[in-house]
Amino acid sequence: MASLTLDQLAIGKEAIVTRLVCTGASRRRLMDLGILPGTHLAADFASPLGDPVAYRVRDALIALRRAQARQIEIELLQGGQP
Amino acid sequence: MTGHSSAACESCPAYNQAMLKKLGVNVEAVDYVVALAGNPNTGKSTLFNALTGLRQHVGNWAGKTVARAEGGFSFNNKRYKLVDLPGTYSLLSTSTDEEIARDFILFGQPSVTVVVVDATRLERNLNLTLQILEITDHVVVALNLIDEAGRHGIRVDERHLARKLGVPVVPMAARKMQGLPELLQAIEQVATGAYVTRPHRIQQRDPGLDHALRELETALLREFPDLPNAQWVALRLLDGDASIEQALRERRLGDLSRGQASAPAADALALEIAS
Amino acid sequence: MSAESDLLQIAARLRSGLGEDYADRVMEAIFTEAAQIADSSVTRDEKKARLTLDRMLDRVLTHPIGGFAVMGLMFFVVFWITITGANIPSQLLADLLLGTVYTALHSLFAALSAPAWLSGLLIDGVYLATAWVVSVMLPPMAIFFPLFTLLEDFGYLPRVAFNLDRLFAGAGAHGKQALSMMMGFGCNAAGVVATRIIDSPRERLIAIITNNFSICNGRWPMLILMGTIFIGAAAPPALASLVAALSVVAIAVLGIIVALLVSGALSRTWLKGETSVYSLELPPYRPPQVIRTLYTSVIDRTLIVLWRAVVMAAPAGAVIWLASNIMIGGTSIAGHLVNFLNPLGLLLGLNGVILVAYIVAIPANEIVIPTILMLTLTLGRNIAGAQPGVMLELDDSQVYQVLTQVGGWTLLTAVNLMLFSLLHNPCSTTIITIWNETKNLKWTVTAVLLPLSLAFLVTFSTATLARWLGLA
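Residue numbers (our numbering), protein chains in the order written: chain A, 1 to 82; chain B, 1001 to 1275; chain C, 2001 to 2472.
The set of hints was computed from the structure by calculation and includes no laboratory data.
Check the hints yourself; a few may be wrong.
The calculated lysine to aspartate or glutamate pairs, modelled on EDC-like cross-linking and capped at a C-alpha distance of 20 Å, are [stated by the list, open to error]:
| hint | chain 1 | residue 1 | chain 2 | residue 2 |
| --- | --- | --- | --- | --- |
| 1 | B | K1164 | C | E2033 |
| 2 | B | K1164 | C | D2039 |
| 3 | A | K13 | C | D2054 |
| 4 | B | K1022 | B | E1188 |
| 5 | B | K1176 | B | D1210 |
| 6 | B | K1176 | B | E1134 |
| 7 | B | K1164 | B | E1148 |
| 8 | B | K1164 | C | D2095 |
| 9 | C | K2439 | C | D2199 |
| 10 | B | K1078 | B | E1188 |
| 11 | B | K1021 | B | E1148 |
| 12 | B | K1078 | B | D1031 |
Keep in mind that this is a model prediction, so the values were computed, not measured.
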């Protein structure tokens, strides 16, 4: 089964990062922002046009475009639906 | 200045506001160079302005202070040059901002590096702090936005934090000019060596990496015996960091170990466009 | 072999022995320790932990309907305050600098029995152009920049970038381009500098080249004048001011659309490339420090931009005066130029005077209208008592009279002038700033010629269409 990626996380839901799919500069960038395996993330709210989405990461609000969020594999918390 | 500067406060030795002289852009014949580093949005430039009396505009942005800003102040009859570095999340990537900040801490050899830390988002901010502690021993942590943290119901045990990091931690609210005297005192103590720091170094590495690092570090120290941050340089060389390799080829690392740092290549503002 | 290359070889050998992801493991180690230290140092009062006010503000300011409504309102209010608030101080400055001081300077030069050419060159040329630019530019900038900075300090502008990002993503551009564009509505040079917040070179270049399509302070007065005396006047009197305002807003919105289209075209052709990692931190809202903001933005932005404009306006003033007063074969240099450019101007639905004015106004767009009036009057039938090369102030109805009766302007001239003003090349201050920021001749030239060709293309098309439809 394909694993869940961050762009599939519904607003208001929380998840743990399991893997960063990207490499190189974009991987570094995500890690600089504090997004790496084991990091706790919450989808807080979406832009009025649907993309990007603001995520709460280590007490900060970080907006990521869907294209980036797709490169972050996650595991849902609280066993809910994505 | 601070709303509660009562007579009792003024009598305590820490309250030395009168001994702070803002020197603006006058940075000649300085005794110490102080670098100001930190994540974006931590109030770094506010602190810079408060200490130097300059009015650098602060934006709510990553990378707003793209070039370095310099200013001066004098405290207890010693003259300090303050260098405001670009706000960065890390020193390990290769953006222009991060290179300017890192090169200055590494090659500019500041007497003290003040890391401005957002008390409301300590975990994120400690990432940069730990990286800076890998490069230099002479660090003071300015635990800023302590008032905002209070409003958010966040309390930081600064003594515990100072013990963990091995460097002074000064809680402050730069926008309200709170904590400035204590910060100045800490900067002075670290600059003069009155306070001997025992900086935290990253421990948890896998054995393979640890072994490789130790081998490269030993080789580095054989060539440059006085290199103050050999482990960090070794880590960057392992990572294939082009600018550190360049510094090595130009023997700027050698200069570093002999204490005569060359000017950092900080004005690399121009865009590098692949044609 | 040197010790240095020895060391590099050791590093390379050791690197190959490590796994691909060891750099990740280093970062993980750092973050893990950061988390441990933070956890042991921080205690939280869970009841206060989530700042409800911040969350509420975010709900409203990024709401699908409310978010856009607030954005439109903010945009409107900032410009409304800027335009109306600048009127009175602009008038006072103009009365002082173009009236009292101007007259006093002439009396002084007369008392010193200075030759007419000298007082003409220095007072009517250099001084008047500089004074005009100061009185037109200073008040709106002194209002616009602090307002903008207050919104920035409050933390609102990152939300604007967040709201609009999808449009910019569609154009292959960076979301933060929305902010450099907003800055450009004050001053394009400041807008170009503001692109520094974009960390990818490709997307930053797109933002630099398209910043010109944000109408800067220097261009607003002319657009408002054209909108008022030509377009508003064509509507029924009751609706005149509304139609005038709408025509100006339409040009501004057209500018945003053009910026997005050109960004999209660039990112699909010359500046093709991967869209860089986009991350935007939405900082917590902070009460803006009003007094400090007023001080810093006046010192930092307003005075610096104004100084650059003054440095450019002074020599431009001298050039206008000389060109209008040096005669070759019975006609002034300006006259020759106008006659030479007139066929091209008419082809574009403009005229020779307008094109000459735009050449003269390369240093600062503010002097377009005074230059047009001055050249129209001195080259045509003189009905308002103008001297060659002297910029003068007329009220709106006089301007209308001069332009239509002496200059032969039509509605098409006014509309095309507005379009040309929106699209044409950036001013010299902005060009120098682009050079400073890119240090690349090719891109600086592109940033000049691309908008200029677009301006020619669009005005030529509208003029041709109008003629074809028998409207002009």
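Violations among the numbered hints: 5, 6, 7, 8, 11
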